[in-house]
Amino acid sequence: MALHMTLRNRILFAVMVSIWGSNWSVMKMGLAKAPPFSFISHRFLLTLVFLLAAYAVSKPRIPRDSKGLKAVLVYSLVSTLSFALTTLGLQSESSGVGAVLTYTQPIMVFMLAVTFLHEPFSALRLLGIILGFTGVAMLFVEDLTSTLSWAAVLLLLGAFLWAVSTIYYKLKLQDSNVTLVNLIHASVTASTIYSVSLLTEPPFQAWDLGYIAILAYAGIGASGIGMTIWLILLRDGEATSLSSACLVVPPIALLTGSLLMRESLTLRTLLGSTLIIVGIYLVNRKQKPRV
1 MALHMTLRNR
11 ILFAVMVSIW
21 GSNWSVMKMG
31 LAKAPPFSFI
41 SHRFLLTLVF
51 LLAAYAVSKP
61 RIPRDSKGLK
71 AVLVYSLVST
81 LSFALTTLGL
91 QSESSGVGAV
101 LTYTQPIMVF
111 MLAVTFLHEP
121 FSALRLLGII
131 LGFTGVAMLF
141 VEDLTSTLSW
151 AAVLLLLGAF
161 LWAVSTIYYK
171 LKLQDSNVTL
181 VNLIHASVTA
191 STIYSVSLLT
201 EPPFQAWDLG
211 YIAILAYAGI
221 GASGIGMTIW
231 LILLRDGEAT
241 SLSSACLVVP
251 PIALLTGSLL
261 MRESLTLRTL
271 LGSTLIIVGI
281 YLVNRKQKPR
291 V
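Sequence positions in the sequence shown follow this note's numbering and run 1 to 291.
Hints are computed from structural coordinates only; laboratory data are not their basis.
Cβ coordinates follow ideal geometry from the N, Cα and C atoms, glycine included.
Just to be clear, a hint being listed does not mean it is correct.
Here are the computed distance ranges between Cβ atoms for each label pair [what the hints assert, rightly or not]:
(1) E201 x R268: 36 to 42 Å
(2) I212 x S122: 44 to 50 Å
(3) V153 x M111: 16 to 22 Å
(4) V49 x L69: 21 to 27 Å
(5) L198 x A14: 35 to 41 Å
(6) Q174 x S58: 16 to 22 Å
(7) T274 x W207: 41 to 47 Å
(8) H118 x D175: 17 to 23 Å
(9) L270 x R61: 44 to 50 Å
(10) L69 x E201: 27 to 33 Å
(11) L124 x I212: 42 to 48 Å
(12) I11 x V49: 21 to 27 Å
(13) S149 x L198: 26 to 32 Å
(14) L52 x H118: 33 to 39 Å
With these hints in hand, go ahead and build the complete structure from the sequences.
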């Protein structure tokens with residue numbers, strides 16, 4: 001479970017959520033400079049370069065059987081669609097709404113994990129996830145007036161597909177090399193989204209150092225390093241526990257905004273963050289064995 005990790009996995013988790021928390025603002029800055037499909041394809045092109053270098057070092061075995069390759073491709077396509085929908089939704093919504101709707105994912109993972117992975121169901125765990133999500137919603141309550149828009153629907157669909165890819169990975173790719181899986185995922189995303197960009201968007205020419213820095217953080221940091229860590233932790237633990245623990249990402253996003261952009265932290269922020277922490281504790285609380 002996420003709160004019973006080894007020291008190595010605790011460090012990896014801290015790195016992952018720190019990168020993901022600050023990446024919400026970075027993505028919004030990137031979408032202010034480039035159309036959504038261009039931004040995604042540029043981001044994952046850098047991810048691909050980074051992972052190719054990692055692949056050259058680790059040299060994981062490529063699965064020879066068609067069943068294994070098919071599973072990686074299915075996972076990659078679902079994840080690609082999830083990224084595309086989330087980015088399209090974020091383009092028209094605030095980062096706060098994006099965070100709230102994207103982090104409905106733990107609720108979806110819990111329901112799917114109980115059904116398909118036979119992870120333990122308990123009212124306490126369900127209460128924990130609901131409390132955690134309520135805390136996330138409380139953090140951004142002022143932004144939630146527009147959540148019935150088409151962009152909100154895209155964000156919810158993106159969250160659902162993230163949940164589906166999480167369960168599919170646990171079912172089909174549990175023993176696969178995480179670097180190779182993420183490398184194929186980045187290849188599929190970069191190529192398919194670039195094709196869509198060529199067909200639907202004008203050529204992007206506004207390259208500058210600021211945009212390249214944004215791409216480096218989102219592509220190498222959030223997708224290259226963050227997603228690889230996510231797959232490592234998902235391989236080693238329960239889908240429900242890890243997904244619920246990731247509810248700490250929105251509070252980290254607010255804290256980052258406060259430190260770097262001098263955004264104010266309010267009592268509501270404290271209450272929302274407390275609910276998230278309590279919720280994560282309840283989901284990951286070790287159940288006493290029945291006598």
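Report the numbers of all earlier hints that the structure fails to satisfy, in ascending order. Violated hints: none; all satisfied.
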